[in-house]
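Sequence order for the protein chains is A and B.
Here the first sequence stands for residues 57 to 276, numbered as in the numbering used here.
Here the second sequence stands for residues 10 to 308, numbered as in the numbering used here.
Among the clues, some could well be false.
Below, a list of computed lysine-lysine pairs in the DSSO-like style, where the Cα atoms sit at most 27 Å apart [what the hints assert, rightly or not]:
#1 B:144 / A:67
#2 B:167 / B:88
#3 B:153 / A:70
#4 A:63 / B:126
#5 B:153 / A:63
#6 B:126 / B:12
#7 B:12 / A:67
#8 B:146 / B:126
#9 B:26 / A:67
#10 A:63 / B:88
#11 A:70 / B:12
#12 A:67 / B:251
#13 A:164 / B:126
#14 B:167 / B:12
#15 A:70 / B:167
#16 B:167 / B:126
#17 A:63 / B:26
#18 B:12 / A:63
FYI, nobody ran anything at the bench for these hints, they're computed from the structure.
As the structure is a computational prediction, the values presented were derived from the model and not from experiment.
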Amino acid sequence: MKRFSIKYAFKTYKLDQLWLPLAIFLLFVLISLFQMDTPQLMNIARSYLAAVVPLLAGILAAYSILEDPALELRFATPIPAIRTLIERLGLIFIIQSAFALFFQAVIKIIGGDFSMYQSVWRLQLAWIIPTLSLMMLGCSCSLLAANSTIGALMVGMVWLVELIARGWFAQNFGKYFLVFMGPLMPDHPDLFANHVTLFAISSTLFLVSMALLEQQERYI
Amino acid sequence: MIKINTLTKNYGTGAKKVQALNGLDLVIGQGMFGLLGPNGAGKTTLMRILAGIVNASSGSVNVGGIDINTEAGKMEVKKILGYLPQELGMYPELTAVQFVDYMAILKGLENPAERRKRVDTVLNMVGLSDNANRKIKGFSGGMKRRVGIAQALVNDPKLLIVDEPTAGLDPEERIRFRNLLVNLAADRTVLLSTHIVEDIGQTCRDLAVISRGQVIFRGSPTELTQAAAGHVWNLTSNTMEKPDHGLTIVSMLHLAEGTQYRMVGESASDYIDAQPVQPGLEDGYVWLMKNAGHAIDTL
């Protein structure tokens, strides 16, 4: 049975979840334009793709389910938890992906060079993997705590700790859990293992979120 | 037919444990059924269990032959359910027709043409056809409630659950809403939960009163009214002191000759001027709650 509508997924999407990523995207485009002929350009580009897109996606994911004003009505319909997750998280991912791709295009147009990632596929993985990881972390933590803010705080905490201590993470067992390895350390020998681990964790957190969302009474 | 057997629902554990439902038994047939009780009696919890949103701690619930204690059973019940929760959340940027259409999609109405026709029908039923293309954020409380009932009806449910539907509505809206519910009850089960006694009296032939998670009365509004026969008095007094002696003041009216009190209790023998009067449904409810040991705050 059809229980999904792209049209209403967009219409019920909160506008601030669109304006915030758009504003930050425009800010980074502006900064990049000012730095277009300097060596800083690629640092800015990597910062946006590696740090900003995943952080925003993670925070928006934390608020995506429980802040639905019609949550109780939705729970009273025969729509499975997986549909709700895909509808809400999918849209965030699509919007963040659009900004990430547009940003790459802008950087290319103004003379940026992404050759350090060796291929377009690896460049995309570099931001997709951390984005999915932080989205699933935010979503699952907010459902676990039945509190969107706690989910967002967890995302912020993991993001900050890993960003500050990325050197330590990269040289120890934490290298498998370093969300910034793809974008910031594309030559790391354990990059593939890192991506596989983060993808496995993201998948597990998605399943955890699904199981948590089925316990509807925790959220009303 | 809904059969509820020894239904229990606990929230929290240990010292924080709250028992919302305590071995509740109830059988509900087709038509309009009223669920009455004070705030915190367990009505909303019962509604949510019937809607498949909340899990029972123990006991069984069977809705039209479907066991609601299983996940598959919950999904089946949701297919035949219309639900209007107490706290109705909506998407303010959607129009009424968009909101109801979206809920219809979530309820599995696939065919766009049939869905559109059904959406128009239910919006017409609730008298919102003229405002169907207005955004919900501009609606009054009563109009939002009507959108709420429209979305509940869009899948033509066999079971309609409405939780405190008239709260916050003006008298005209309340009457309109009650009449709508009575019409809908002609060919389905409509479960009306409220703490407004008048709403039940005007709409239901069958009701249950819940207190502290248990059914303390099951019968008709007439039977509930008659339960208070011989226990209701009017007393007009020009002193400032209010009647007491175990009597509950149901209403007060300031008259030229003093204040007229309507009182419910075991005996008014301490007041020689007290005049016995015919009980109303509200008196029956107050008498029932007094007998159940439920504290009733009076002015």
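Verification of the supplied hints:
1. B:144 / A:67: Roughly 12 Å separates the two Cα atoms, so the pair holds.
2. B:167 / B:88: Satisfied, since the Cα-Cα distance of roughly 9 Å is no more than 27 Å.
3. B:153 / A:70: It holds: about 20 Å lies between the C-alpha atoms, which stays within 27 Å.
4. A:63 / B:126: Distance ~19 Å between residue 63 of chain A and residue 126 of chain B Cα, so the pair holds.
5. B:153 / A:63: Satisfied, since the Cα-Cα distance of roughly 22 Å is no more than 27 Å.
6. B:126 / B:12: The given pair, whose Cα atoms are some 34 Å apart, is violated under the 27 Å limit.
7. B:12 / A:67: Violated, at roughly 40 Å.
8. B:146 / B:126: holds, 24 Å
9. B:26 / A:67: With a Cα-Cα distance of about 40 Å, the restraint between residue 26 of chain B and residue 67 of chain A is violated, given a limit of 27 Å.
10. A:63 / B:88: Holds, at roughly 23 Å.
11. A:70 / B:12: violated, 41 Å
12. A:67 / B:251: With a Cα-Cα distance of about 57 Å, the restraint between residue 67 of chain A and residue 251 of chain B is violated, given a limit of 27 Å.
13. A:164 / B:126: violated, 50 Å
14. B:167 / B:12: holds, 15 Å
15. A:70 / B:167: Not satisfied, since the Cα-Cα distance of roughly 33 Å exceeds 27 Å.
16. B:167 / B:126: Roughly 19 Å between the alpha carbons, so the hint for residue 167 of chain B and residue 126 of chain B holds.
17. A:63 / B:26: Violated. Residue 63 of chain A to residue 26 of chain B sits at ~43 Å, over the 27 Å cutoff.
18. B:12 / A:63: Status violated; Cα separation ~40 Å.
When the structure is compared with the earlier hints, violations turn up for hints 6, 7, 9, 11, 12, 13, 15, 17 and 18 and for no others.
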